[in-house]
Amino acid sequence: MFFPVPDFKGFDFFPHNLRIPFMRYKGLCFTLSLIFMAASLGLYFTKGLNYGVDFIGGSLIEVQHKNGPADLSEMREKLNALGIGSVQIQSFGADTDVLIRVEQQKGGEGEQQAAMKKVVDTLGPEYTQRRIEVVGPAVSSELRRTGLIAVFASLIAIIIYVWFRFEWQFALGTVVALLHDVLVTVGLFSLLGLEFDLSIVASLLTILGYSVNDSVVVSDRIRENLRKYKRMDLTELLNVSINETLSRTILTGMTAIAGILALLIFGGEVIRNFSFAMLFGILIGTYSSIFIAAPMLGFLGVKRDTIGSAPKVEAAPVIAPATSAGADRAKAAAAGRPRR
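Heads up, the final residue of the sequence shown is numbered 340 in the numbering used here, and it's a clean run with no missing numbers.
I should point out that these hints are in silico values taken from the structure, not numbers from a laboratory.
Derived lysine-lysine pairs resembling DSSO-like cross-links, with alpha carbons at most 30 Å apart: (1) K118 with K106; (2) K228 with K26; (3) K78 with K118; (4) K106 with K78.
Construct the complete structure from the given sequences, taking the supplied hints into account.
Set out below in structure tokens:
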């Protein structure tokens with residue numbers, strides 16, 4: 001038995017004639033974005049980030065309970081009573097698996113090994129050790145430095161790419177939007193006290209890639225319309241360009257968010273912060289590509305004469321229908337007979 005397949009031809013999630021006046025709200029959006037960026041910087045320099053073992057050094061112990069689900073509350077109570085500083089306990093994967101992070105001890109490697117032995121002895125034979133990692137202070141400092149270099153190197157590469165593909169106004173607008181995305185995401189982690197480790201640096205790099213892709217799509221349409229509409233006001237042209245790409249922007253964002261929500265809900269504790277950073281980054285990246293990168297072109301005064309001319313398409317010649325007499329003469333000429 002065959003079921004009829006619905007025909008989605010001609011179906012649109014968003015009408016093609018959208019005319020949302022985005023540029024009307026550029027002043028408000030710029031003000032809010034500046035406030036968020038300033039607040040994020042203030043939080044970073046005053047409260048700081050809750051760095052993970054990757055960045056501050058310490059030990060990581062992965063254990064598995066032999067007899068059913070692990071009791072995290074009981075483990076936390078026992079390990080906090082050891083006097084070895086901050087101990088972070090979280091479950092991941094199955095409910096029998098537990099990840100324990102112990103901060104860097106002040107006495108050096110000997111004290112670190114002693115702290116790990118205390119943890120293992122306190123847990124007892126009910127737990128099986130599956131993995132032990134130690135990150136020294138030198139390694140953690142190097143990881144923090146290379147993570148920072150990776151973010152700034154990505155920004156520089158994006159500047160060069162957008163500058164060569166478009167013009168300097170497009171490059172500057174895109175980079176301002178990307179800086180906004182990174183700063184606000186870092187500020188949110190500082191505000192909420194979420195752990196900031198190498199996985200969050202990876203999420204920031206992913207956010208940069210997603211945001212620049214979104215901004216390039218909008219910028220490409222703006223450049224195309226600058227060539228196409230020579231007399232249209234720049235503000236109106238920016239509105240038209242954003243509206244024309246709005247369907248693609250929202251549908252792409254919704255698709256990415258659907259996958260990240262699955263990671264956030266079902267991925268477990270280990271990748272929860274990574275998924276949260278990705279989810280927030282995609283939302284803020286969609287906002288910045290519309291309300292920061294595009295309006296920046298108006299402030300920077302992009303000129304049509306720097307964009308280049310649109311390719312000229314020659315119209316096909318119009319051929320008038322031949323009369324019967326004209327047709328006879330054409331046939332005679334083709335046959336080589338003299339015309340009369």
